[in-house]
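Engineer: Chain by chain, the residues run as shown.
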Amino acid sequence: MAPTRTRRVRLAVASGAAMAVLAPIAWFWQDSLLPDAYSAMEHGYADTGGGHAVHSGHGRDVTTLTADPGRPADVSVRLTARRERFRLASGRAVDGYTLNGTSPGPTIRATVGQLVEVRLANENVADGVTLHWHGVDVPNAADGVAGVTQDAVAAGREHTYRFVADRAGTFWYHSHQVSHEQVAKGLFGALLVDPAPSAAADVDVVALTHLYPGARTIGGREGDVPVEAAPGARARVRIVNTDNGPTQAWVAGAEFRVVAIDGADVNAPTPVRDLAVPVTSGGRADLAVTMPADGAPVRIHIGGPTGIVLGQRTHTITPLPRPAATLDPLGYGSPAPLGFDPTAATRRFRYDIGRRPGFLDGRPGYWWTVNGHAYPDLPMFTVAEGDVVRMRISNHSGEVHPMHLHGHHFVVLARDGKPATGSPWWVDSLNVADGEEYDVAFVADNPGIWMDHCHNLPHAAEGLVVHLTYVNVTTPFRIGGTAANEPE
Amino acid sequence: MRMFYRILAYILAAEVVVQAGAMALAIAGLGTWVDDGGVFDSAVMQSDELAFPEVVGIIVHGINGSIVVPVIALVFLVFSFFARVPGGVKWAAAVFGLVLVQVTLGFIGHGIPFAGGLHGMNALALFAAALHAARRARVTTSADTAAPASVAAPV
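Going down the list, the protein sequences come from chains A and B.
For the record, in the first sequence the residue sitting at position 13 is 13 according to the numbering used here, with numbers rising by one throughout.
Basically the numbering used here = 1-based index in the second sequence + 488.
It should be emphasised that the hints constitute simulated quantities derived from the structure, not laboratory data.
In this text, a Cβ means the ideal position worked out from N, Cα and C, and glycines have one as well.
One or more hints might be untrue.
Straight-line alpha carbon distances no greater than 20 angstroms define the calculated SDA-like cross-link-like pairs of lysine to any residue that follow [stated by the list, open to error]:
(1) B:LYS578 <-> A:ARG10
(2) B:LYS578 <-> A:LEU22
(3) B:LYS578 <-> A:VAL227
(4) A:LYS185 <-> B:GLU537
(5) A:LYS418 <-> A:ASP328
(6) A:LYS418 <-> A:GLY362
(7) B:LYS578 <-> A:GLY16
(8) B:LYS578 <-> A:ALA18
Distance ranges between label pairs, derived from CB positions [claimed, not checked]:
(9) A:ASP361 <-> B:VAL556: 14 to 24 angstroms
(10) A:THR6 <-> B:ALA516: 49 to 59 angstroms
(11) A:GLU385 <-> B:PHE528: 38 to 48 angstroms
Let the sequences and hints guide you as you build the complete structure.
Structural biologist: Written out as structure tokens, the structure reads:
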């Protein structure tokens, strides 16, 4: 009897120990499972940043936050999305997505103040598509986020976007449905807004840098892209980083100025040389050069393998290794009034990015956190219209994050406690390296529910997504559900 | 049970070998790809793209290291409670702990390269601990035949 009892006790102790190890894991696993459909409004917790969370009466639906519906469009575009095998400008065949049969899609050009109307038709993309106007502070209904501001446009369906091009500059558009897949494989294009009256450069080049499956490209072309530019001509090269990691641009053969960042003009940009210009994922940088009088070409290096070569008689120029020094927008250009007082902030938020092991919708891994919480238990930054908002974005996650706020531009006040001394540095996509801390500010002037997420799109798909929401704004759309909305 | 304990310990030791080989393969592939004109930068690193075939080594290392090895180590720890290998729970716990340290160092290494160096060194500690655990299970098998029948009976 005694040996049997010993055996039973042993078995019980072993089973208890096994339960003690496995039960917490099982609990964390089931706790992480996401429902089939849920609203961006109902997961996580409200963070009011020290302000009031006034919910009075019934809310405004995001679908009512539109451009003036009675105003006729100044620029009308029809874009048809297709999943297909197509050829890049370089001739390489890619299995991906096109808009009107090409990738990148057509460049849309408008003048500031014009109303842009884009009819998006989905011909055959099974997952559905949307278009997000990256960097344009559109009305919320036109923001193009599946499950938050609209349902994904199913194959055979259409959706119309209407917005006023509120500021001149370089922007881009891309799908915000299953974006980590659709953007990588081609569902994007450029959107340029010209100032009025036009102060156009002699040569104006869009450089959409993109890694397609198997091909590093600028606008679908591989290697050096030659562009005609006469001696003495003023050229503007608009770099748009459509990839998931930050890139660098630098110039061989001339000095240059960074005249705009993320669609906002730099105030009094000074000529520089031997500096690399960082362009984060989703970000833009407009470089201006004056062509040498002697007819020598100029190469704009973008990332490692690609570049724009400006010239007339010859486009042959020795490649220049990347300069060790980097242009720091924090001290570039001259100060100018911001148009608001960031010291009079009415809301203050912390956006602290970390990483920890755990489960995301049942999948084990090492997942991103915001303020110590993992998706979907993330803060919902809550503001009221007119608030002056300050945010401290810090990163302790071990990897760089290009942070993109929809619907607003924000100004960088300081990095790691060092105040900005140059031109107001307005961005919609901010490169936050591991260990960095940025103080930024903006005015809450565009009601809606806005994503504030990492533009390394696989990171967003891994849950590095929070929302900025205005009190009393609601959405009828749901993530998941019958429309299979999957914004990332 | 004891045999399973031993097999799992050997599998964990073998996984360390696979992990080391996978990384060496990827780095060698990267070298030849760059020599052939490939450019490795953030755009490539952050994409899902297989820039060169040996990238598969990084993928194997990532999936193996973040999911497969921790799961095997967890199963090993749970088995150790039932296996009745003298010191077996202690060594299984040590292996499990070293796996946790290894995974943590691996992720920290993305931001702090020095942690990546420790990750390489800790791999050898994990390899040694897993081998030692396996050998303990073998040694005690012969001693086990002399033990009372009730102890040797299958659980």
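Engineer: Going through the earlier hints one by one, which of them does the structure break, listed in rising order?
Structural biologist: 3 and 6
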